[in-house]
Each structure stands twice: as structure tokens, then as C-alpha cells.
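> Spelled out, the chains give:
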Amino acid sequence: MKQALQAARRCSTSCANGALLAAAIATIGAAMGAFDRASAQTAFTLPAPPFELPVLPPASGTWTMMIGAEGRYRPSFEGADHNLFSPVPIFSIRRAGSVEQFRSPRDNISIALIDFGDLRAGPAGKFVPSRKASKYSELTGLGDVKAAFEAGGFIEYFPVDWFRVRNETRAGIGGHEGVVSDFSADFIVPVTRAVTISGGPRFTWESTKAVAPYFSIDAVQATAAGLPAFDAKGGAHSVGAGAQVKYRIDPQWEVHSYVEYERLLGDAAKSPLVTARGSVNQTTVGIGASYSFDFKIR
Amino acid sequence: MRTASRWAWIAIAVPLILGNGAQALFETRDAKLKSVKTLGIVSAIGDQFTYAKAGLTGLSNSPRSEPIGSWGLDDLIAQEVAKALSNRFQVQPVTYPRATFAAIQESAIGPVNLVRGDPFKKLVQTEVSPQGLDAYIIISKAKASFGGGNRKAEGVGMITYSTVLESIDLLHALYEVRVVDGKTFDLIEKLAAGPPGGVSNIRLPGPSLIIDSSFDKRDENLRRAIVDLILRSLPNTLSDMHLGNQEP
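Chains A and B, in that order, give the protein sequences. For any residue, its number in my numbering is found by taking its place in the first sequence, counting from 1, and adding 573. For any residue, its number in my numbering is found by taking its place in the second sequence, counting from 1, and adding 1.
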């Protein structure tokens, strides 16, 4: 909690927003070019806000803003055998000099309210987009699944500086009302001061209420979809591995790339949606770039 | 008619009361500082030099500390702050148990800090003499995450960051400055000193410096580098807190 304000957000958007995003990136790129020429240190100075909340630390000082974009190529829906490209904006703001804590591509939005250095914990959340049956022929007759918001907590432990284990356990509201528990372990290897590679195994457990909306097929849906009825239960949901590489080209620019593979297990893997029309192998690939600059609040 | 008149008065009074309340609640720290005339300065950052390792480390990599009380960093800081603020405030000498102030640690559980309040408030009330000044400035060790892993750097020291292909030494002097109201003992302002303006891939959110392998790590050289970090960062920190002269 030393950093007064530190928030990192990566928000998924649909492909339809691609043109808008590209235009925004072009604008940001042009602006960043101007910042580069203007100053190598602080891009601009803002006046202090006209009022301050007593419980919050002052905004005065130097801050680092990071903006960027990531292209993500991921399964069109869970269990699909084809992928979809989606752009994801990157934005974070933090006290100048403060490092971004290590995060794996599977980490969701979280805040460390407890921070012993090697042990961190706090609330975590995830947005799960809706699944529209009309968008993919494989889903015809299966009905829509509403968007879900999962809220819960995370705990992570660094036994040494270069190894992290993490668990996120969240309960869903909306599209599903079950419990999802993600486990991951990452070896974090700094190759040089600019290049870091990381990776490790992943495992997900889901309750019946979290699996059923996406993988069960009732009698009506079975008739409409031409698939056998199936009652999906919870349990071990997926196992896999992930790896990422980050390259900090200079203090401003950073590029990163990752691959996350998971193999569906249990009733998710046995669902006719997957056995007849999808795949148990789910791979997500991402590549992105971000630009950081400092600004000052007086 | 009388009822309408009463409602009209209420309609005028409520916004005024709320406005005054909000003004008091949201009063800026700058405004609070305007009423401060007399100041006492407490400095407690420089009793230990910590050597730590980060990045690719062995399984046992606890930091080790060496006493550096003889470097006189706290006296130097108190003098420099007094010099920087003497144009605007009447700085008065104060006595305080330096080790007690240096031993203060914030809780690792964020909400506990919010509930408990600032740990230095009570110390200022009970341990600093004389009492009754308008405000007290406390300079203490700051703590910051380093390298994206579990390593935290604190106060004055050096981190050796090891990668597969290279090893980097980073000197740091992490400190934060508080202004505590001398009458109510409320915290008026608190800010950690920021990093130097230079560009680097390895950064800490505070005064720090990468030293190369040719740097002679004898005590006097380390002291000189740490003093330089502090002296260069103090004016900007005080300026960001609206205490000192504004940076041009």
C-alpha cells in the first residue's frame, strides 16, 4: 500500500472496436513522439487538485503512466476449436519509479491489501463476457449465456525472488453463479536488466454451477442443436502451462509476448459441445507494446 | 406563506452548511500549511545500511545490515531541511529518541494502517520536546518493492540485482517526509522522496543510483554517494510538499 495509487487494467473489447483502437493508438503514438522530443524526463506538469480527501495521500509528486495495446488470439468461446483476435488496451498509473509487480497473463484485476513482500493477498475480480449462440454455428440451439462477473480473492507467495505461486478463487454473479479457483506457478528469470522470461504450470477447478451454463445441454437444447443431452458437473476443469517474455527496449518502451495453453478436463472435456464441435485444447497467444512516461502533479 | 418562507431559508442554509463542511473536510494541505509558523525537525533514516539481493538469488537471501550511525546522515538531513525552510518558517531545535522513530514500521495489512492511523502521530505527541510548535517535520525510512518479485528495499542500502547475463548494484536512500500538526497531531502532509529524473531500466520509487563495477565500495565512497542522493532529492521533495521553494 506504499504506492498511493496503483492500478493496472486490461480490458477486453470486441473485434468491432479494432478500428477505433487503432486510431487511438495512432493518436497516442503521435503524442508520445511529441513527449519524446519535448522531454526525456517529465512529460508535463499538472496543478494539484483543488481539494484533497483526508484519508488519501496527496497526489503531489511524479507519476508514471503506461499506455499500450495488446493483440490477443484466443478461443472464440470456451471449448471452441477456432480462435478469435481481440485487441486489449493496456493502462496503468503508479508512483514514478515503482515497479509493476510481476503478473502472469492469467492474473486478473486484484489489489494487495495484505503485503508482506513475499506473501500478498487481497480481493480479485474477473469479467466473463456473454456467450451469444447466434455468433457461432457450433452454438446454434444452445441458448445464450449472460455475461458474468466473478468476485473473490487472491493469495500469492514468493518463496524466492524468482518463483511465485498464486491462487485466485472467485464466485460468479450473472452468467454463472459457481466458484472458480485458478492455481498457477511461475518461474521468473531475468535474463538481462531488459529481458525477463517467465512461465509455469496452471490448473483450474470449477464448481458445477460454474461449469453447467457453458457445457450442459438440456433436452430442449439437445433437440434444437442436434447434440445429445449432457449434465456437466464440477471438478478439475483444466490443466496447462504458460510462458511469457518481456523486453524493455528503453525506459519508455516495453514489448511482451506470451502463450497460454490449457487442456479441458472432467465434464467440460466430455461435453458434446467439445467432443463433437470443439476441442479440449485451448491456446491463447498475445503480443503487445506499451509506452511509459512520467508526469508531475504540483 | 410562512411555510414557503421557512423552506426558502432551509434551501439557502443547507447548501451553505454543506459547503462549509465540505470546505473543512476537503481543505488542502497547502491551506493547512499556511497557518504554520514554528517548526521542529525530526530525522531518523540513517542508522542502518542494508545489503540485499534480488533477481536470480540463492534460496537463502535474507538482507544483512551494518550500522552507519557514525555517518551522521540524520544530523545532515535535519540541517539541510532547516536550511531549506528557514526562509519561510521559524525552525526550532527539538530533541527526540532517534532509535524509537527509526524502529517504527507500518503494518503489512493495509486496512490496519487506515484504522490505526499514522504511527508517528503518537510519537510526536509523547517523545518530541519541546511541545507546542505549530508543526513537526518527520523524515523516516521508506520502503519500496523492487524488481517485480518479493524484494522490498528500505531506507539506506544497496541491492544487487542478478540476472542470467549480468549483475547490477543499485544504491538507494529511500525516505519519506511527514508534516504533523503540533496542536492536533494530525498528519498534514506525507510524501516519499521520488526517483532521480534520469532514465534507467532499473528503478526504485525513491532516490537511487546504479553503480558500476569500478565503483570503490569503501564506506566513505558509499557515504558520499548516499549523501549526494539525499541532497539532490530533498529540494524537490520539499517543493512537491509545497514546503520549500518551487522548482523552476
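Mixed in with the good hints there might be a few duds.
[Stated by the list, open to error] Simulated pairs of lysine-lysine, BS3-like, Cα-Cα distance not exceeding 30 Å:
1. B/Lys144 <-> B/Lys123
2. A/Lys869 <-> A/Lys708
3. A/Lys705 <-> A/Lys719
4. A/Lys869 <-> B/Lys35
5. B/Lys54 <-> B/Lys191
6. B/Lys191 <-> A/Lys869
7. B/Lys123 <-> B/Lys38
8. B/Lys38 <-> B/Lys184
9. A/Lys719 <-> B/Lys54
10. B/Lys38 <-> B/Lys218
11. B/Lys84 <-> A/Lys869
12. A/Lys843 <-> A/Lys869
13. A/Lys806 <-> B/Lys54
14. B/Lys54 <-> B/Lys184
15. A/Lys869 <-> A/Lys705
16. A/Lys806 <-> A/Lys843
17. A/Lys869 <-> B/Lys38
18. B/Lys191 <-> B/Lys144
19. B/Lys218 <-> A/Lys869
20. B/Lys84 <-> B/Lys184
21. B/Lys38 <-> B/Lys122
Since the hints were derived computationally from the structure, they do not count as laboratory data.
> Does each hint fit the structure? Answer for all of them.
Status of each hint after checking the structure:
1. B/Lys144 <-> B/Lys123: holds (21 Å)
2. A/Lys869 <-> A/Lys708: With a Cα-Cα distance of about 46 Å, the restraint between A/Lys869 and A/Lys708 is violated, given a limit of 30 Å.
3. A/Lys705 <-> A/Lys719: holds (8 Å)
4. A/Lys869 <-> B/Lys35: Holds, at about 23 Å.
5. B/Lys54 <-> B/Lys191: holds (29 Å)
6. B/Lys191 <-> A/Lys869: holds (16 Å)
7. B/Lys123 <-> B/Lys38: Holds - the C-alpha atoms of B/Lys38 and B/Lys123 are around 22 Å apart, at most 30 Å.
8. B/Lys38 <-> B/Lys184: Holds - the C-alpha atoms of B/Lys184 and B/Lys38 are around 12 Å apart, at most 30 Å.
9. A/Lys719 <-> B/Lys54: violated (48 Å)
10. B/Lys38 <-> B/Lys218: Violated, at roughly 43 Å.
11. B/Lys84 <-> A/Lys869: holds (25 Å)
12. A/Lys843 <-> A/Lys869: Violated - the C-alpha atoms of A/Lys869 and A/Lys843 are around 55 Å apart, more than 30 Å.
13. A/Lys806 <-> B/Lys54: Answer violated: A/Lys806 to B/Lys54 is near 47 Å, above 30 Å.
14. B/Lys54 <-> B/Lys184: Distance of about 43 Å is beyond 30 Å: violated.
15. A/Lys869 <-> A/Lys705: violated (45 Å)
16. A/Lys806 <-> A/Lys843: It holds: about 10 Å lies between the C-alpha atoms, which stays within 30 Å.
17. A/Lys869 <-> B/Lys38: holds (28 Å)
18. B/Lys191 <-> B/Lys144: holds (14 Å)
19. B/Lys218 <-> A/Lys869: violated (34 Å)
20. B/Lys84 <-> B/Lys184: Roughly 24 Å between the alpha carbons, so the hint for B/Lys84 and B/Lys184 holds.
21. B/Lys38 <-> B/Lys122: Roughly 19 Å between the alpha carbons, so the hint for B/Lys38 and B/Lys122 holds.
Hint violations for this structure: numbers 2, 9, 10, 12, 13, 14, 15 and 19, all remaining hints satisfied.
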